[in-house]
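Please take these sequences and the hints and turn them into a complete structure.
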Amino acid sequence: MPNKPEPRSTLLDLSFTPSLEQVSTVRRFLEEFCQPVLNDPDMVCRMAIATHELLENASKYSVEGAAPSRLQVSIHQNGHGKELSIRVSNVPAPEHVGDLKATVAGVTEPEDAAQAYQLHMVAAALRGEGSGLGLARIRAEAEMSLALTINEPYACVEAVATFGDGGES
Amino acid sequence: MTELAKLTETTFSASVVHDAKDIIVRFTGNADVTAQKHFERLFGDVHDQARKLGVSRVQIDLRELMFMNSSCIKDVIVWLEKVRKTEEAQRYLVAFLSSRSQPWQRRSLHALSHFARGIVSVEVC
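Protein chains in written order, with our numbering: chain V, 1 to 169; chain L, 1001 to 1125.
Hints are supplied without guarantee of correctness; some may be wrong.
[What the hints assert, rightly or not] If you want a taste of the chain V side facing chain L, the calculated C-beta under 7 Å gives, among others:
(1) L20
(2) R87
(3) Y117
(4) A125
(5) E141
[As the list claims (entries may be wrong)] Here are the simulated EDC-like cross-link-like pairs (lysine to aspartate or glutamate), alpha carbons at most 16 Å apart as the crow flies:
(6) L/K1052 with L/E1009
(7) L/K1037 with V/E143
(8) L/K1037 with L/E1009
(9) L/K1037 with V/E129
(10) L/K1082 with L/D1019
(11) L/K1021 with L/E1064
Hints in this document: simulated from the structure, not taken from any laboratory. Even for Gly, the Cβ is constructed at its ideal location relative to N, Cα and C.
Here it is in structure tokens:
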């Protein structure tokens, strides 16, 4: 009989009005909040990188006055260790949805995350507006996988890290 | 030691000093949207001063910096690219001072040192 997956344990579920100025405040709160549960400074740092970058994206590209954005942090045990999931949902401006899909595809498709991040860095040096680095940074620096779900009008980007008994993802 | 620049915001501060053969840039707080307003200009000025003063090294002291977002990382990348393209006689090295107690620094600086191989060194304190 196959093992029944353990249910997700939600650590945090937060609705908020996107604001670039408040992103660091939320990240710092989350670092303190999750430290006793994760009990691993490096894992807290990986979570912080992902949370900060996802929240900044939501703040930059949300429709003004739309429904609040949502941050969900959950953890569950699987056969290989623990999985930490950071999900940020927002209502993106329609003109940004195509860019978001293309960016997530461009970041997740290459097999070698570190090499892809270097290419994003080269591109960033030539860019005018924006860095285009946030999602690539989550994958390479925070060593987390990324997935995008569109459920109009919402877009949800999820970053997942495996840690604990099974080692880092 | 000569102070070249000083920036103070509620959540972020930066100081730039000239000390013999080095320019030393010290950051404290959070390098996020507030800091990013200053980063491009700050690194542009550091680059100009480094060439004018003929220093051999610019030290970037991150030990008291809690976080740097990807927009600020981009400004660092643009600066490193400028250093790389600078003619050899005026080129200088970049040394990052990092803290073990800030694990993000190891991860971010690993990527930056690969990006600017031969220019960047990382010291862990």
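Hint compliance check: list the failing hint numbers for this structure, sorted ascending. Per hint list: 2, 6, 7, 10 and 11 violated.
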